[in-house]
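Chains as they are written, first to last, in full-length UniProt numbering: chain A, 1 to 290; chain B, 1 to 382.
For the record, the hints were derived by calculation from the structure and aren't laboratory data.
From the structure, some residues in chain B lie toward chain A, with a derived Cβ separation under 10 angstroms: (1) Pro-38; (2) Gly-199; (3) Gln-201; (4) Ala-203; (5) Gln-208; (6) Gly-227; (7) Asn-236; (8) Gly-256; (9) Asp-259; (10) Gly-262.
Simulated crosslink set (DSS-like; lysine-lysine; CA at most 30 angstroms straight-line): (11) A:Lys-106 to B:Lys-48; (12) A:Lys-115 to B:Lys-48; (13) B:Lys-48 to A:Lys-110.
Idealized CB from N, CA, C, for every residue including glycine.
Listed below are the residues making up each chain.
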Amino acid sequence: MPELMQFLFSGVTVGAVYALVALGFTIIYNASDVVNFAQGEFAMLGGMIAVFAVSAGMPLPLAAVVAIIVTGLIGIGLNKLAIEPARGAPVVSLIIITIGAAIFIKGATKLIFDKQLHRLPAFSGDTPIQLMGATILPQSLWVIAGAIGVFIGLWLFFTRTLIGRAVLATSNNRLAAQLVGINIKWVMTLAFSLSAAIGALAGVLITPITLTSYDVGIALALKGFAAAMLGGMGNPKGALVGGIVLGLLEAMTAGYISSQYKDAAAFIVILMVLFFMPQGLFGLKSTDRV
Amino acid sequence: MINKTLTTKALTGILALGLAGTTMAEIRIGSTLSETGPASFLGDPEAKTLRMLVDEVNAAGGINGEQIDLIMYDDAGDPNRARTFATRLIEDDEVVAIIGGTTTGTTLAIMPMVDEAEIPFISMAGAIQIIDPVQPFTFKTPHTDRMACARIFDDMQARGITTIGMISGTGGFGSSMRDQCLDIVGDYGIEVVADERYGGQDADMTPQLTNIRGKDGIQAILNPGFGQGPAIVTRNYSQLGIDLPLYQSHGVASQGFIDLAGPEAAEGVRLPGTALLVGDQLDDNDPQKSVVLDYSAAYEAEYGMPVTTFGGYAHDAFRLLVDAIERAGSTESQDIRDAIEATDGLVGTTGIYTMSPEDHLGLDISAFRMLEIRDGGWMLAD
Numbered sequence: 001m002p003e004l005m006q007f008l009f010s011g012v013t014v015g016a017v018y019a020l021v022a023l024g025f026t027i028i029y030n031a032s033d034v035v036n037f038a039q040g041e042f043a044m045l046g047g048m049i050a051v052f053a054v055s056a057g058m059p060l061p062l063a064a065v066v067a068i069i070v071t072g073l074i075g076i077g078l079n080k081l082a083i084e085p086a087r088g089a090p091v092v093s094l095i096i097i098t099i100g101a102a103i104f105i106k107g108a109t110k111l112i113f114d115k116q117l118h119r120l121p122a123f124s125g126d127t128p129i130q131l132m133g134a135t136i137l138p139q140s141l142w143v144i145a146g147a148i149g150v151f152i153g154l155w156l157f158f159t160r161t162l163i164g165r166a167v168l169a170t171s172n173n174r175l176a177a178q179l180v181g182i183n184i185k186w187v188m189t190l191a192f193s194l195s196a197a198i199g200a201l202a203g204v205l206i207t208p209i210t211l212t213s214y215d216v217g218i219a220l221a222l223k224g225f226a227a228a229m230l231g232g233m234g235n236p237k238g239a240l241v242g243g244i245v246l247g248l249l250e251a252m253t254a255g256y257i258s259s260q261y262k263d264a265a266a267f268i269v270i271l272m273v274l275f276f277m278p279q280g281l282f283g284l285k286s287t288d289r290v
Numbered sequence: 001m002i003n004k005t006l007t008t009k010a011l012t013g014i015l016a017l018g019l020a021g022t023t024m025a026e027i028r029i030g031s032t033l034s035e036t037g038p039a040s041f042l043g044d045p046e047a048k049t050l051r052m053l054v055d056e057v058n059a060a061g062g063i064n065g066e067q068i069d070l071i072m073y074d075d076a077g078d079p080n081r082a083r084t085f086a087t088r089l090i091e092d093d094e095v096v097a098i099i100g101g102t103t104t105g106t107t108l109a110i111m112p113m114v115d116e117a118e119i120p121f122i123s124m125a126g127a128i129q130i131i132d133p134v135q136p137f138t139f140k141t142p143h144t145d146r147m148a149c150a151r152i153f154d155d156m157q158a159r160g161i162t163t164i165g166m167i168s169g170t171g172g173f174g175s176s177m178r179d180q181c182l183d184i185v186g187d188y189g190i191e192v193v194a195d196e197r198y199g200g201q202d203a204d205m206t207p208q209l210t211n212i213r214g215k216d217g218i219q220a221i222l223n224p225g226f227g228q229g230p231a232i233v234t235r236n237y238s239q240l241g242i243d244l245p246l247y248q249s250h251g252v253a254s255q256g257f258i259d260l261a262g263p264e265a266a267e268g269v270r271l272p273g274t275a276l277l278v279g280d281q282l283d284d285n286d287p288q289k290s291v292v293l294d295y296s297a298a299y300e301a302e303y304g305m306p307v308t309t310f311g312g313y314a315h316d317a318f319r320l321l322v323d324a325i326e327r328a329g330s331t332e333s334q335d336i337r338d339a340i341e342a343t344d345g346l347v348g349t350t351g352i353y354t355m356s357p358e359d360h361l362g363l364d365i366s367a368f369r370m371l372e373i374r375d376g377g378w379m380l381a382d
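Bound-form chain B, shown alone (with noise of 0.2 angstroms):
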């Protein structure tokens, strides 16, 4: 009992003191990702991407000759857990602010926590409800399914298609997405005639897309959805031997999604995507172009994997930090918000944010490149 006293007071003090020399000038970032559970392949790449980013930055003097201390948590995708540790980093680790919400879940729990505390938080998931209302302290990186929706019915009217019919998944990606596109395809003059669904784990979709090809006068064919859903569905529209466009959503955007179609099949797919699928095609003096080619060879150096639209949306969350902290020249969270709200023109993998007190996300449509897979790889289609 004694023993089991002694060691709990040393070990406090160890504690203390090593508490006392990281505060002498270190800026504490905290986060909480969702490394494993359902949601892992998203928060496994943007974990990656932190820590690298971090070591990066600390190598290279810190910022503004302050070293980055990055705590991270992993809530595995559960709310609850987010919750707890957003808490956690809010009142035991003191940190100046928070990356972190890999999904949308996690996301909304850890907001109310970080508007009390008045912590900034950037956040990877990509619901409209997280910016929209605009919350004081929390900002997003990647873009919406609206705008998804919205870049694809762009590409739609270019190429003179008027009446489309959609197939979507009945998960939470699937869901979602159909409905904002449902909400705003009439400001585009295309017309939805047939809108088919498909549960997660089914094996054959030809059935719907049969009954979408019988349509009168359909030109396009729509798939929002997320996992093997529309892998299986690009196979079965090959199948069948459809010759009509098929467009995917940005949930797809990687190189796993046309192995998993088969080159031959996804051919000719269109999706709207980030830059970092196409970074060597961009043009020279585009400036996203060195952003993205020099987070994906650090990346590719770093674990010996492709970097993913993801890790993009964690690099995108980080830099943000980084350059308003800088701006800021200050540690106090209040000047980290104001300096992140007042982003202009960063350059990041996803696109490039111009914030504002009415637009916490920073990103217009344009930043979607419209890509095309042709030849089992992603180019850009216009």
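For reference, chain A alone in the conformation it holds in the complex (with noise of 0.2 angstroms):
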């Protein structure tokens, strides 16, 4: 039983940073239908600004906060300078570009910063927590907060909001939201200083468990879009549910089949799911009108 509490957290603590990075994705890709793989370079982004900024003497919530803002106008920048002159060009290309785009994130942090790995103090201590046999470390709690409080700070903003509904207007077609006067250019721009935004608050919550360097931005990017695709790309609830159920997958392949295939199984079960239901656990199904 403790053993199995242990698989449990690890699953959860894990899950949730996945969660976090998925749902970095859904913004943009809800306005736009491109996938951005420079999330994990917002993520890494968020770890590293951070991580320089305690170090240059600012307390921790005050760098937190410089660290999300700073990339947040680098997602800004990103849509200024790459993705909107290149407007025009199929979703296949753009993707191309965020690609290109994380290349050189990492290339230019790797300069402006270093090539060491850095770790933030955890946020409240890191005396774990004992349940049931089993312990938790508190800033894994923090992870977990951040990624429901994500979570529903983006379903009310695509439920409840005007400009969250103007965001899925624009993916849904261009088009016609610009003839109801949507200013697709202010919504794509809107997009990706969140999705950085989110991306960087992903890296400020997880650099104590995770640490973080220059060149993690990758690995985070490919579990989070993992875990979105799981849960269905663009759905707040896949996101978060995708994430923590890979996390658990690898958890449980790790605590009670082998840790030398836990990846693999859970690719195995991603594929199988995507097999069966190719939009994700809670994708929608597309309905185009002819």
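Given two chains presented individually in distinct reference frames, assemble the corresponding complex, making use of the accompanying hints.
Put into structure tokens, the structure is as follows:
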């Protein structure tokens, strides 16, 4: 029983990390159908900027805010400099642009900061919380709370606000959205800045657990992408559930089958799910009117 | 067009003059290191160390009165580039010896080139394949994984540990060391009852550690790995409150590891490391003490950052070469090679080197010091 609890705690911790990154994919995807592969770099930037702000003497909360704002501005820059000029290009080209941007951000971070690994201090100390014979770190609770908080925020944003609906409308039909008076350029800028900010928040929250360096972005983006696909791309609920399920799958495989095959087992389950439910667990079936 | 030709001719002329000037009384030493790229945390301190030492030797009058001309290229960890640069060093720069090969990959790419050209080559990479079987012109300075395993198992034996669990990274370093350790563990009467793995970017290893802890009669945990993995394993080990001895590998023997894992979590962790980490704790009559302290002081004064084990490998490679040229009294590649092979008792930062035709590393496992982390710093464990 304590073993099972420990595997559950591990799975939820890792799952919440994946979910936070996966949630960052949703806004840009909903605004433009683009899967932003620079999303992992936003998380890396959040962590790295916070680390260097703290080492420059800033208190942790202020450093976190600075990291989120700066990364948000970088997100806007990415949209203005790389995505907007290629406005007419097909979605696949835009996705490739985001991959290029990811490589660029990674290289620039290496030059501006350094090549070392870094860690942020845990927000509420490192004393593990004991529960039913298993332990969980307070920082894991921060990550889980962060994932749930971002999920609720996004859900309210897309269902309860006019701007959120405008974002959905833009993705649904650009021309029609423009005709009813939605400023598409502005919606895209908003989408990139919010996604970048969510990515940075994820980076700040997870760095005390996962550590960070200039090159962690790709691995984060891939796991987050897998989680988002499993849950259903574009749906905040899918990102949250997909992330947690992926984390639990890995932890249970490592715990009960073999740590050698935990990544493989997780991906086999994802493939199976996508085979029977191509839209993911919570993805909406898209209906195109002819 | 005419202008261009003229410029080219003029440039060639200047180059020729320059070359003529340098060949007068200079020893040309070549180097190709991974100063940038994924192995830059190894290559960067190596390059800094070589530059510093060459300046030092030249300022003191050179080797046997001849100045050293160091020609250095950056292969960025790419074996193809390393091969190209090795060719350039041999054919265009006409160096008498090469120090380089930051990684096992680049070293293996350089080895056939130096063998054919018969130029002595000292590598700073870890793998045992570099010196086993022995290639006549290739030498190396760092310990092998196998020796690290042997040193750890020695220490376990001394503490009466017979049943252990292993948790290894899936990266090149972790996998290779895991294989070497499993290969020799039987010789020490130690049984591995758990063999867990983790990926290089994993965020939590508590499931693996929980399983290892649950094994009957388990007495210690060994973690071969590199990068953030060992730091996370150490943090998880402390989170779970496991009170078994935890052994890490020489791959994380740096202050950075203690900072990442946190001093509380890392308290009591043991690993095999070089004398460089504990220079001031060495016994006063330890022959390595002055070498290690001199190198640390010079490096810190020059670059304002602490020395690393990897820079120490470059220090030892350079000292081996200088010592060999001095003894050979010649700058012919063949004479230098023979002199390196005859190295006897050269004190470096990694250990004391005694080469032979059968041994092109020249270290034994006594050069590995068993270190323990105490109060956020390194202590000699024995």
